[in-house]
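A.B. asks: Letter by letter, the chains look like this.
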Amino acid sequence: MYLDSAATSQKPRQVLETLLDYYERHNANVHRSPHLLGEEATQMYEEARARAARFIGAPDASCVVFNRGTTESLNLVAHGWARKFLREGDEILISELEHHSNIVPWQLAAQATGAKVRYIPITDDGLFDMAALPSVLTERTKLVSISGMSNVLGTIPPVRALADAAHASRALLCVDGAQLVAHAPVDVAELDCDFLAFSGHKMLGPMASGGLYARRELLEDMDPFLGGGEMISQVLPDHSTWNEVPWKFEAGTMNVADEIGLHAAIDYLDEIGMENVRAHEESLAAYAIQGLTDAGAQLFGPTDVLERGAEVSFWFKDIHPHDLATILDQEGVAIRAGHHCAQILMRRLNVPATARASFYVYNDRADVDALVESLGRAAQLFGS
Amino acid sequence: MALEDLYKEVILDHYKNPRNKRPLPEAALTCSRNNPLCGDEITVFADVDGGTVTELTFQGQGCSISQSSASMLTEAVKGKSVQDAERLASDFRGMMAGEVEPDEDEFGDLVALKGVVKYPIRIKCAVLAWDVLQEALSGAGEAAASAPHS
Chain A
376 MYLDSAATSQ
386 KPRQVLETLL
396 DYYERHNANV
406 HRSPHLLGEE
416 ATQMYEEARA
426 RAARFIGAPD
436 ASCVVFNRGT
446 TESLNLVAHG
456 WARKFLREGD
466 EILISELEHH
476 SNIVPWQLAA
486 QATGAKVRYI
496 PITDDGLFDM
506 AALPSVLTER
516 TKLVSISGMS
526 NVLGTIPPVR
536 ALADAAHASR
546 ALLCVDGAQL
556 VAHAPVDVAE
566 LDCDFLAFSG
576 HKMLGPMASG
586 GLYARRELLE
596 DMDPFLGGGE
606 MISQVLPDHS
616 TWNEVPWKFE
626 AGTMNVADEI
636 GLHAAIDYLD
646 EIGMENVRAH
656 EESLAAYAIQ
666 GLTDAGAQLF
676 GPTDVLERGA
686 EVSFWFKDIH
696 PHDLATILDQ
706 EGVAIRAGHH
716 CAQILMRRLN
726 VPATARASFY
736 VYNDRADVDA
746 LVESLGRAAQ
756 LFGS
Chain B
110 MALEDLYKEV
120 ILDHYKNPRN
130 KRPLPEAALT
140 CSRNNPLCGD
150 EITVFADVDG
160 GTVTELTFQG
170 QGCSISQSSA
180 SMLTEAVKGK
190 SVQDAERLAS
200 DFRGMMAGEV
210 EPDEDEFGDL
220 VALKGVVKYP
230 IRIKCAVLAW
240 DVLQEALSGA
250 GEAAASAPHS
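So the protein sequences, as listed, match chains A and B. When we follow the numbering used here, the leftmost residue of the first sequence carries the number 376, and every step to the right adds one. When we follow the numbering used here, the leftmost residue of the second sequence carries the number 110, and every step to the right adds one.
It should be emphasised that the hints constitute simulated quantities derived from the structure, not laboratory data. Only a predicted model underlies this, so the values are computations on that prediction, with no experimental measurement involved. Possibly wrong hints are sitting among the right ones.
[Unchecked claim] Listed below are several chain B residues computed to face chain A (Cβ distance under 8 Å; list not exhaustive):
{"hint": "1", "residue": "Leu112"}
{"hint": "2", "residue": "Leu115"}
{"hint": "3", "residue": "Gly148"}
{"hint": "4", "residue": "Cys172"}
[Stated by the list, open to error] Here are some chain A residues the structure puts well away from chain B; computed CB gaps all over 10 Å:
{"hint": "5", "residue": "Gly413"}
{"hint": "6", "residue": "Arg493"}
{"hint": "7", "residue": "Glu595"}
{"hint": "8", "residue": "Asp598"}
{"hint": "9", "residue": "Val610"}
{"hint": "10", "residue": "Asn618"}
{"hint": "11", "residue": "Thr628"}
{"hint": "12", "residue": "Trp690"}
{"hint": "13", "residue": "Asp698"}
{"hint": "14", "residue": "Ala712"}
Here a beta-carbon is modelled for each residue, glycine too, at the ideal position from N, C-alpha and C.
Make the full structure from the sequences, and use the hints.
C.D. replies: This is how it looks when you write it as structure tokens:
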């Protein structure tokens, strides 16, 4: 039973076959090689971009930069936008439940510019404390960057309300979509976000696929992040000029096969329907919360499944999550244990770590039953 | 491999009833470390007199493997010379690498941690306290070297 999809998802055969087909029949470098294979690879790569753009409601394929995923995308915004435009005294507003990839890039950008990182508090239930928003979102705030779905608690914040509040303060909104894009229908126009980072490997796609959506004019204004081949227009002895967006941000040889594999993953998800993915996971989350609670586990995060995804963090009796994960693994149940790259949240919850079961399209109620049953084995072994 | 080989009774006993688990604010040597991968934390407090570890306590939080290893460590090392403590630390690492067959007299309860070898991802839990001890004891040499000669 694989209950660790929040870390990375398993990949369907269609994705694996797409990778194999690409390498067997179409492999070449893109945007460079004037031969048939080069044309095929370029076409498939750009079709993948257009497909990803459609999947998230982006108006144009040029608004999607491919890279290794959410972490690289947030770093791209931190370098290309934040370091260029932030000044001393400006503020970047994030929340207490963020993944380290949505904290550390801003800390680095703040150090480089003299800006400051501030936090939206969360409630004991793991919800955004929206009542506290006016005290932290000020005229100094230039960027609000928040998770669209917490990898630890499943929390789905009111993204549109945060976008409206940010824009009313003339700040931009950046969404860490690592979980959200994999587990719920996403439309950047509806969310009205300015940036959206996403990871292909969490949504049935290959490792190191994914990218960044940004409004076209923001991409135009941003500085490049990595310099090198393909991202330039002209290279002169003392300076260079940049390629058009999005290629300005795609230096060197990209993960061409992986982005084409992501295309297959998106097709797979759309065939199921993201509304159905979300409904399936709401149902599984409710079933898991009930089952774990009945078994005596202490749960973290929102209790209303409409406000959360199927990332379910818990403590079981007084058994440390690492011990629990080892025991459950021997019972054939794979869960994650640790701080989940969210040390600030762990401190807020006043725990050193949590156990986390996370669910996806291939999980069902039998997996939850196996999880709950295996807890009995842990209790027996630890005599608790 | 049976879970009982990993979670031996003696390990769970040290976890639930840790020995020498208390802060020693006046200790000459204090060293803390956490495992950034999992968040386990260990602080070791040690007094060294005439090259012998005369007092040794710990504080910390984490899984049963990291905390029982720290508890067993305090029992095994207290009263030993710094040199012997270093040798035991090296032997313990050897046991975790599957290269050293533990001497039961020297290891005491620590023998129980041998089963961790079969769970590679948990070896870092067992070794954390020993990393902290060795860092603390390396301070013993420095403290002695930098102490004013009378």
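A.B. asks: Confirm or reject each hint.
C.D. replies: Each hint tested on the structure:
1. With 8 Å as the threshold, the beta carbon of leucine 112 (chain B) comes within range of chain A, its nearest partner Cβ sitting at about 5 Å, so the hint holds.
2. This hint holds: leucine 115 (chain B) has a C-beta 7 Å from the nearest C-beta of chain A, less than the 8 Å allowed.
3. A least Cβ separation of about 5 Å between glycine 148 (chain B) and chain A falls short of the 8 Å threshold, and the interface hint therefore holds.
4. This hint holds: cysteine 172 (chain B) has a C-beta 4 Å from the nearest C-beta of chain A, less than the 8 Å allowed.
5. Distance check on glycine 413 (chain A): its Cβ is at least 42 Å (rounded) from any Cβ of chain B, clearing the 10 Å threshold; non-interface status holds.
6. Chain B leaves arginine 493 (chain A) outside its interface by the beta-carbon criterion, the shortest separation being 24 Å against a cut-off of 10 Å.
7. At roughly 38 Å from the closest C-beta of chain B, the C-beta of glutamate 595 (chain A) stays outside 10 Å, upholding its exclusion from the interface.
8. Even its closest Cβ contact with chain B, about 31 Å, leaves aspartate 598 (chain A) beyond 10 Å, as expected for a residue assigned away from the interface.
9. Every C-beta of chain B lies more than 10 Å from that of valine 610 (chain A), the closest at about 40 Å, which supports listing it as non-interface.
10. With 10 Å as the threshold on Cβ separation, the claim that asparagine 618 (chain A) sits away from chain B holds: the shortest Cβ distance comes to roughly 38 Å.
11. At the 10 Å boundary, the C-beta of threonine 628 (chain A) stays outside the reach of chain B, the nearest C-beta of that chain being 31 Å off.
12. Once the 10 Å rule is applied to beta carbons, tryptophan 690 (chain A) is consistent with being away from chain B; the minimum gap is 13 Å.
13. Non-interface status of aspartate 698 (chain A) relative to chain B is broken: a Cβ of that chain comes within 10 Å, the nearest being about 5 Å off.
14. The Cβ of alanine 712 (chain A) does not lie farther than 10 Å from every Cβ of chain B; its closest approach is about 7 Å, which violates its non-interface assignment.
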